[in-house]
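> Residues per chain, in single letters:
There are 2 protein chains.
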Amino acid sequence: MKRYLPLVACAALSAAFPLSAQEAKIYPAPSEIVAAAKADEWVAMAPSDLLVMDLAPDSKGKPRRVVIQLIPAPFSQGWVSNIRKLAAAKWWDGTSINRVQDNYVVQWGDATEKKALPEGLAVVPEGEYIVRSLNQDSQSALAVSAAERARATANSKMLQRDVDPYSDQTYLHKGWPTSNVVGVGLAPTHCYAMVGVGRNLSPDTGTGAELYTVIGHAPRHLDRNIALVGRVIEGIELLSSLPRGTGALGFYEKEEERVPIVSVRLGNEAKDVPAFEYLSTDSESFAAYADARANRRDPFFNVPAGGADICNIPVPIRRKVK
Amino acid sequence: MKRYLPLVACAALSAAFPLSAQEAKIYPAPSEIVAAAKADEWVAMAPSDLLVMDLAPDSKGKPRRVVIQLIPAPFSQGWVSNIRKLAAAKWWDGTSINRVQDNYVVQWGDATEKKALPEGLAVVPEGEYIVRSLNQDSQSALAVSAAERARATANSKMLQRDVDPYSDQTYLHKGWPTSNVVGVGLAPTHCYAMVGVGRNLSPDTGTGAELYTVIGHAPRHLDRNIALVGRVIEGIELLSSLPRGTGALGFYEKEEERVPIVSVRLGNEAKDVPAFEYLSTDSESFAAYADARANRRDPFFNVPAGGADICNIPVPIRRKVK
Chain A
175 MKRYLPLVAC AALSAAFPLS AQEAKIYPAP SEIVAAAKAD EWVAMAPSDL
225 LVMDLAPDSK GKPRRVVIQL IPAPFSQGWV SNIRKLAAAK WWDGTSINRV
275 QDNYVVQWGD ATEKKALPEG LAVVPEGEYI VRSLNQDSQS ALAVSAAERA
325 RATANSKMLQ RDVDPYSDQT YLHKGWPTSN VVGVGLAPTH CYAMVGVGRN
375 LSPDTGTGAE LYTVIGHAPR HLDRNIALVG RVIEGIELLS SLPRGTGALG
425 FYEKEEERVP IVSVRLGNEA KDVPAFEYLS TDSESFAAYA DARANRRDPF
475 FNVPAGGADI CNIPVPIRRK VK
Chain B
175 MKRYLPLVAC AALSAAFPLS AQEAKIYPAP SEIVAAAKAD EWVAMAPSDL
225 LVMDLAPDSK GKPRRVVIQL IPAPFSQGWV SNIRKLAAAK WWDGTSINRV
275 QDNYVVQWGD ATEKKALPEG LAVVPEGEYI VRSLNQDSQS ALAVSAAERA
325 RATANSKMLQ RDVDPYSDQT YLHKGWPTSN VVGVGLAPTH CYAMVGVGRN
375 LSPDTGTGAE LYTVIGHAPR HLDRNIALVG RVIEGIELLS SLPRGTGALG
425 FYEKEEERVP IVSVRLGNEA KDVPAFEYLS TDSESFAAYA DARANRRDPF
475 FNVPAGGADI CNIPVPIRRK VK
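Sequences listed follow chains A and B, in order. When we follow the working numbering, the leftmost residue of the first sequence carries the number 175, and every step to the right adds one. When we follow the working numbering, the leftmost residue of the second sequence carries the number 175, and every step to the right adds one.
So that you can see chain A by itself, here it is in the shape it has in the complex (with noise of 0.2 Å):
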């Protein structure tokens, strides 16, 4: 939004903000928090739960690859080993991007709808679209363990204007943005660049072969009625800027605007994959940036917020620093 910033490249946005020394120290931007963060708040990613799209390269014969981190427990685990089978099978090779929808999706898979899954992919319930507890051990209906409820907490306590349309409340765990309702139970958040499973009119739950992913406003509407199996990492800019499809609900109508996908593989199958962390949800760097993100008081700004729903807090992540 600056409008004389020099066109230089440089890591840390604020860096092109004139910034006296001490300004900088008492207010930093929630870039430089998370560039001052120790190496130790940082987590990092098994490549085994990494998702790995190579598409046809661009009209310049530039390649484009998307990274896609796939949900842990106890978050929709029914698809996700369902997709870990699809991605053994290479099933999703020569498949295609079918559908481009502005401010809502992008969706991948079998255009032709024809094309034989692989055998043993589970048929998942709609009951593991929200999780009752996040203690694994207990079979408890509570919705939240008091350990995770302290944690949330301790999180939101950085926002004065804790507060969210689509649910009680909403917190990070694990590096994952959810919400919970209670009485109803816990989900991921359809934030920018989560990934879901395609599915049909209920009680069709979808398998995990047809894929979308959030390039608009999050549609939190779709929390709790869909299922989220991962995020985009690297190259969501290669979705989000595709043509959008011209046909209903965004799909293309001819073939020929269809995206192909080479190959789709898990991280530790694919090649020249990096390695990539997180900063952890825990840690004292995180809270620092959250309350940043929901408080901006660096010289930009005038009026701090006061709060930030749970999609304008986006976790950082990166390529691991060596």
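Derived by calculation from the structure, the hints in this document are not laboratory data. Careful: at least some of the hints might be erroneous.
[Unchecked claim] Beta-carbon label-pair distances, calculated as ranges: (1) B:Lys428 with A:Pro231: 45 to 55 Å; (2) B:Ala218 with A:Glu458: 35 to 45 Å; (3) B:Gly301 with A:Arg471: 12 to 22 Å; (4) A:Val358 with B:Lys288: 52 to 62 Å; (5) A:Arg258 with B:Asp214: 50 to 60 Å; (6) B:Pro377 with A:Lys264: 30 to 40 Å; (7) A:Pro231 with B:Asp214: 48 to 58 Å; (8) B:Lys496 with A:Arg493: 47 to 57 Å; (9) A:Pro417 with B:Ser457: 44 to 54 Å; (10) B:Asp214 with A:Asp232: 44 to 54 Å; (11) B:Ser233 with A:Gly268: 33 to 43 Å; (12) B:Arg239 with A:Pro231: 22 to 32 Å; (13) A:Asp232 with B:Lys288: 31 to 41 Å; (14) A:Val358 with B:Ala296: 47 to 57 Å.
We put the beta carbon where it would ideally sit given N, CA and C, even for glycine.
Please build the complex by placing chain B on the supplied structure of chain A, with the hints as guidance.
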């Protein structure tokens, strides 16, 4: 998100679902409610309140036109007045789109930052980011007049969970998303496709010559910190699908990456501008639409959210039906 959707064009999205007549009657989808709204519930937009931006044709020679509706009083009128002068002076002709930052903004104006501005532009004070009262006839310091509050309450009755992380109250004012912070005041909200004024560090407020539009999750922390002057009502996909800039903040690094702006004119001075209308936010159909957005009960959904953020209830806008 529907997997087996027939790939045919259809105006009402939900028409793609195999609804029984009874289901469709009981739980119409938001799009069906809008399609059924009465003619007198739609409000015509004045051509003189539109800003028509013609970009250079795309690589296939296809024309690219973006239509913006300027925001009405009492919001941001100092900048809107400047923008009318800039359009009259044909100031943007020959400028370009210079910045595309993923999940954030597309920004346009004079990349050289050397083009002389027309005479007579106002220097608008920061105080005008915020409106103290919607009653223009009074100088009351009340943030919201009694009548406006009653209307807001009537509108918000539809939401079971009428909260906002960024303000004390959100509502639609004459078709525009706004929010109020008690003791601070009212401002329009940074929803998808809203158009704002680029500026330098405070106390600079920008002239209106440098504009941006939101192409990602609503950056609501900018509310009350920057002037919002309108919204893209047609052609947002021409901006949101542009290649992302690789420089800091998404600025294009090479001149040839910039998208040339051929002309920007007010709607009453541009050629072939269709008439537009929006669904009155005070209408019964809008109330039903907002309720349906917040509580999806059409057959795809199992668990209605019980709420929706202001940016997830976009005001329906269309070319005027003759």
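> Determine whether the Cβ-Cβ distance between Asp214 of chain B and Asp232 of chain A falls within the hinted range of 44 to 54 Å.
Given range 44 to 54 Å: holds, Cβ gap about 49 Å.
> Could you check the hint for me, namely that Lys428 of chain B and Pro231 of chain A are 45 to 55 Å apart, CB to CB?
Violated - the Cβ-Cβ distance for Lys428 of chain B and Pro231 of chain A, about 20 Å, lies outside 45 to 55 Å.
> Range first: 31 to 41 Å. Now tell me if the beta carbons of Asp232 of chain A and Lys288 of chain B are that far apart.
holds (33 Å)
> Using the C-beta atoms of Pro377 of chain B and Lys264 of chain A, is the stated range 30 to 40 Å upheld?
The hint (30 to 40 Å, Cβ to Cβ) is violated, given that Pro377 of chain B and Lys264 of chain A are roughly 59 Å apart.
> Looking only at beta-carbon atoms, does the pair Ala218 of chain B, Glu458 of chain A fall within the given range of 35 to 45 Å?
For Ala218 of chain B and Glu458 of chain A the Cβ distance comes to about 55 Å; the hint is violated.
> Quick one: are Arg239 of chain B and Pro231 of chain A within 22 to 32 Å, going by C-beta?
Holds - the Cβ-Cβ distance for Arg239 of chain B and Pro231 of chain A, about 31 Å, lies within 22 to 32 Å.
> With respect to the beta-carbon atoms only, verify the hint that Val358 of chain A and Ala296 of chain B lie 47 to 57 Å apart.
holds (52 Å)
> Regarding Pro231 of chain A and Asp214 of chain B, is the given constraint of 48 to 58 Å on their beta-carbon distance met?
holds (53 Å)
> Between the beta carbons of Lys496 of chain B and Arg493 of chain A, is the distance compatible with 47 to 57 Å?
holds (55 Å)
> Is it true that the C-beta distance of Val358 of chain A to Lys288 of chain B lies inside 52 to 62 Å, as the hint says?
Holds - the Cβ-Cβ distance for Val358 of chain A and Lys288 of chain B, about 58 Å, lies within 52 to 62 Å.
> In this structure, is the beta-carbon distance linking Arg258 of chain A and Asp214 of chain B contained in 50 to 60 Å?
holds (56 Å)
> Quick one: are Pro417 of chain A and Ser457 of chain B within 44 to 54 Å, going by C-beta?
violated (34 Å)
In summary, the numbered hints that this structure violates are 1, 2, 6, 9, 11.
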